[in-house]
Amino acid sequence: MTSEVVTEFTVNGQAVRLDLDPRESLLDVLRERLGLTGSKKGCDHGQCGACTVHVDGRRVVSCLLPAVQVNGRSVRTIEGVAGPDGALHPLQQAFVDHDALQCGYCTPGQVMSGLACIAEGNAGADDDIREHMSGNLCRCGAYPGILAAVRAAAGRREG
Amino acid sequence: MRPYTYTAPATLEEAVRALSEAGPGTKVLAGGTTLFDLMKLDIETPPAVVDIRALPELAGIDTAGPRELTFGAGALMADVAADPLLRRDYPALAESLAKAASQQLRNMATVGGNLLQRTRCTYFRGGPPFPCNKRLPGSGCAAIGGLDRGHALLGGGDACVATYPGDWAVALIAFDAVLDVTGPRGTRTLPLAGLHVEPGERPDREHTLAWDEIVTRIRVPVTAAGRGSTYHKVRDRESYAFALASAAVAVTLGEGGAVEECRVAVGGVATRPWRCPSAEEELAGAVLDRRSARRAGAAAFAGARAGTHNAFRIELGIRTVAEALRIAGERALR
Ligand SMILES: Cc1cc2nc3c(=O)[nH]c(=O)nc-3n(C[C@H](O)[C@H](O)[C@H](O)COP(=O)(O)OP(=O)(O)OC[C@H]3O[C@@H](n4cnc5c(N)ncnc54)[C@H](O)[C@@H]3O)c2cc1C
Ligand code: FES
Ligand code: FES
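Residue numbers (numbering that gives the first Met the number 0), protein chains in the order written: chain A, 0 to 158; chain B, 0 to 333.
Please keep in mind that the hints were generated in silico from the structure rather than gathered at the bench.
Among the hints, erroneous ones may be present.
Stated by the list, open to error - Computed list of lysine-lysine pairs in DSBU-like fashion (alpha-carbon distance at most 30 Å, straight line):
#1 K39(B) - K40(A)
#2 K26(B) - K40(A)
#3 K39(B) - K26(B)
What the hints assert, rightly or not - Estimated spans, in silico, between C-beta atoms of each pair:
#4 G56(A) - R86(B): 20 to 30 Å
#5 R66(B) - A81(A): 19 to 29 Å
#6 A14(A) - R304(B): 54 to 64 Å
#7 D126(A) - R333(B): 14 to 24 Å
Glycine included, every Cβ here is placed at the ideal spot set by N, Cα and C.
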């Protein structure tokens, strides 16, 4: 029998307390319970990166994270990236400037991954970006634009 | 997904107790990137899960000790992969993790859970209507005579040819790693080489841990061969894919490039992490060059048995070993 598990965490700075079925993924909790539908479900099996969010500052795939495991931790989603006045984060603006999307489905995951990639220090060269963004697939093949956007937000020119 | 009970004990002692109290079939949950994934597919159906992810006793990485390196089973793949001493002195170990999965997954997955990841065989993961002796003992094997491009060339049998997909265990087995294990009957030490088993008649039995045991630490004896090592991984795409063939290789070279110490293991091609003693013998005392490297690769695959679509990976595997030896040899001279 499944019993509910009280789980307390923060999402984009706001405290949340939920009774969770341990079967719920963080992705489903964000989307279905908290109305945060920015994080996307592409594969639901950790393979595409569309569901990427940050937990305690590190990027993870929220579809493979049992939500009960974020008890006591802090979650940041794409909804927490823009400024309070709605101004785009520089990486979001770079996605616009560099045509880093077509359909946009993978984009929230790409942005969350890109932010982490830069923060980790893994955006120092184009090959580093390619390697460390490889967990985010783009069905539309916007990879050159995504690379350019992450490179620009990391403050580098081509190379 | 089937319903299950979830507990998150605060200490290792409590976790061992919670596990044995919950009874057979209970699983420990670490990063969940294998377990939760397979629970979603109804391939794993534990009635209860004990969360060991954040246990303080399982944390910690020590790569500075004089005799051995130690990795807490709960250490994250990403943290071990980024360890500066490991990258310098044992590049094969660091690379085996850095070239596995994605940064997101490496931030979740533990180096203990990694060892016990399960095969990516489509028939195993796909569930019914496909038979699979691993999933449903006695039902048959759809991969034999089926779509077996990624299936094992070494260590398979008539009941199962599923590939062990992990990278880290392949590098660890080349370095004679041992595991510390704890359970209700006390603690014990197990060579990693004694963890995984070939499918034989019982493909559902993949390892020798009891259901109520927890791996607490991975230990690797210090060796000078670490510096001259590499984990070479060949994939369908350049990044973020399981190995078509991989090789963990470590060498020390003496005068004139003669091989003194040599360790070879191959991955992505066998039913378990696969050490290659015959390749090591082939190289002992030989001068490491293209010809001897190729001979070592051929020795590693001497017992290979191809299925329908995977024969190309024998030659690929041989060349992967040879290329790994070239890279390791260059590093050994630095
Ligand atoms: C899309 C994708 C791509 C991947 N690519 C690669 C790759 O290229 N190379 C590679 O090597 N791996 C790859 N993986 C596999 C991944 O590395 C493993 O799933 C991960 O390392 C498992 O660790 P975990 O902590 O998440 O384990 P869990 O999923 O929590 O556990 C896995 C198993 O180990 C058991 N277990 C966990 N910890 C312990 C312990 N301390 N003691 C006893 N039993 C334990 C669990 O009960 C379970 O049966 C990939 C996974 C995904 C989803
Ligand atoms: S939805 Fe999580 S990785 Fe695809
Ligand atoms: S923009 Fe369409 S999937 Fe990436």
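Hint check:
Taking the CA atoms of K39(B) and K40(A), the gap is near 14 Å; set against the 30 Å cutoff, the hint holds. Taking the CA atoms of K26(B) and K40(A), the gap is about 26 Å. The hint holds against a cut of 30 Å. Restraint check for K39(B) and K26(B): the C-alpha separation of about 15 Å stays at or below 30 Å, so the hint holds. G56(A) and R86(B) have their C-beta atoms about 22 Å apart, which keeps the hinted 20 to 30 Å range intact.
Under the hint 19 to 29 Å, the C-beta atoms of R66(B) and A81(A), about 52 Å apart, miss the expected range. In this structure the supplied range 54 to 64 Å holds for A14(A) paired with R304(B), their Cβ-Cβ distance being about 58 Å. Here the CB-CB span from D126(A) to R333(B) is close to 22 Å, well matched to the stated 14 to 24 Å.
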